[in-house]
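Trainee: The whole structure should be built from the sequences, with the hints applied where relevant.
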Amino acid sequence: MTTRRKFSSGEHNPATIDGISLLPDTILCHILSFLPTKSSVRTSALSKRWLSLWSYVPNLDFESEHQDIINRVTLLHKALTINTFSLIQKNDSSLINENEYQLETWIMFAVARNVKNLHLSVVSNVFLPRRLFTCETLVNLRLDDCGVVPNIGGGGVRLPRLKKLHLTYVLYEGDESISNLLSGCPVLEELVMELIWGLVRCNVTSPSIERLTLDFQSNGKGGIGNREYWVEINAPALRYLKMTNCYARDIKCGTMNSLIEADIDIYNYNDFPYSRFELEFIHRLRNVECLHLDLAHCTGFYEEIECWMEPQQVPKCLSSHLRFVRLSGVGGKQHEYEYIQYLLRNANVLERMEISPCKSIGFGDKFYMLQKISMFRRGSDACEVAFDLVQ
1 MTTRRKFSSG EHNPATIDGI SLLPDTILCH ILSFLPTKSS VRTSALSKRW LSLWSYVPNL
61 DFESEHQDII NRVTLLHKAL TINTFSLIQK NDSSLINENE YQLETWIMFA VARNVKNLHL
121 SVVSNVFLPR RLFTCETLVN LRLDDCGVVP NIGGGGVRLP RLKKLHLTYV LYEGDESISN
181 LLSGCPVLEE LVMELIWGLV RCNVTSPSIE RLTLDFQSNG KGGIGNREYW VEINAPALRY
241 LKMTNCYARD IKCGTMNSLI EADIDIYNYN DFPYSRFELE FIHRLRNVEC LHLDLAHCTG
301 FYEEIECWME PQQVPKCLSS HLRFVRLSGV GGKQHEYEYI QYLLRNANVL ERMEISPCKS
361 IGFGDKFYML QKISMFRRGS DACEVAFDLV Q
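The UniProt record's numbering numbers the first residue of the sequence shown as 1 and each following residue consecutively.
If you are wondering where the hints come from, they were derived from the structure by calculation, not from laboratory data. Do not rely on the hints blindly, as some may be mistaken.
[Said to hold, decoys possible] No more than 30 angstroms apart at the CA atoms, straight line, and that leaves these computed lysine-lysine pairs for DSBU-like: (1) K372 / K359; (2) K366 / K333; (3) K116 / K90; (4) K78 / K38; (5) K242 / K316; (6) K242 / K333; (7) K38 / K90; (8) K252 / K366; (9) K78 / K242; (10) K163 / K252; (11) K252 / K372; (12) K333 / K372; (13) K164 / K116; (14) K252 / K316; (15) K90 / K48.
[Said to hold, decoys possible] Simulated restraints on C-beta separations: (16) R201 / W50: 53 to 63 angstroms; (17) M375 / D250: 34 to 44 angstroms; (18) N287 / V139: 23 to 33 angstroms; (19) E136 / D381: 49 to 59 angstroms; (20) F127 / L23: 40 to 50 angstroms; (21) D250 / R352: 27 to 37 angstroms; (22) A386 / G156: 46 to 56 angstroms.
Where is the CB? At the ideal position from N, CA and C, for every residue including glycine.
Mentor: Structure, rendered in structure tokens:
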């Protein structure tokens with residue numbers, strides 16, 4: 001008499017488990033592509049069917065791996081093209097210092113396999129290989145704390161498909177490094193530059209960029225003392241601009257009629273004692289509808305600002321386009337009240353203003369600020385003022 005075993009809900013039928021092995025290689029590789037590379041490689045121990053499948057997976061994701069493991073995986077990898085190559089070293093800062101050519105070897109491996117998305121987060125002060133900047137398949141490039149961007153002039157940069165470029169805490173060979181890099185990115189849509197080092201003159205010129213972030217100091221690492229920057233932006237297609245922690249000697253901007261959202265935190269030593277540099281910059285943001293201004297640096301740096309001087313002409317975006325404004329770092333000083341009063345009085349289509357005071361201010365002082373600001377005349381009858389009392 002034949003006995004058939006019934007599987008309970010908590011048990012698994014081996015035939016069902018092995019059924020996944022019957023799927024085509026392309027589907028199995030697609031499934032493995034969602035796993036970290038270390039986990040993908042481990043599937044080779046399941047059966048002969050799985051022995052080499054991992055080597056055809058188009059995504060390679062290394063996180064805090066020893067260089068010997070990375071070298072072995074790249075040596076045995078068989079896929080002709082790579083969709084994503086991600087190398088993140090969180091704990092071992094000496095990984096590249098042992099061999100200055102190691103990073104270049106990994107980059108060249110990815111480039112040779114026509115990589116589309118490349119993310120490198122490895123502490124290194126070596127120059128990035130020039131071949132990286134002629135990778136015609138690259139769509140997304142992200143470099144964190146990784147290498148030196150060389151100054152490649154004469155049309156030596158060719159990144160015809162690159163749409164997103166993120167550069168965080170990288171070094172630059174010279175002031176022309178970034179402008180020469182951008183000149184070879186004809187379809188770039190998003191540029192993020194954070195913790196900018198090695199540049200004094202930052203020139204962002206691109207006919208295609210729609211989103212731009214320039215953060216000169218962030219993540220608690222700070223910048224080089226109180227270095228002042230010369231900033232020039234020529235991006236007619238720009239729709240979003242974030243420029244923060246910027247000690248600006250001068251800011252030049254081309255036409256930005258497409259810009260509708262801006263997050264601005266800029267200041268100038270020569271602005272003392274009037275605190276109007278930020279608002280004068282807003283004159284150039286003609287069609288902005290959503291604006292975030294950070295007043296914390298003016299308040300913290302100048303302990304005794306004497307007054308705030310109104311500009312001779314009201315910015316066009318303020319009188320005709322601005323619908324939302326957020327003010328952060330408000331310290332309750334007289335020049336700030338004058339600043340806020342000016343904004344409310346001249347923002348004719350403003351729908352909402354949000355105010356976030358400095359964290360060091362007590363509840364009583366915050367409530368006093370709220371009462372005072374609530375009495376200011378508003379150019380827009382539809383405008384509401386939201387004040388953060390509990391921050």
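Trainee: Please write out, lowest number first, the hints stated earlier that are contradicted by the structure.
Mentor: 8, 9, 11, 15
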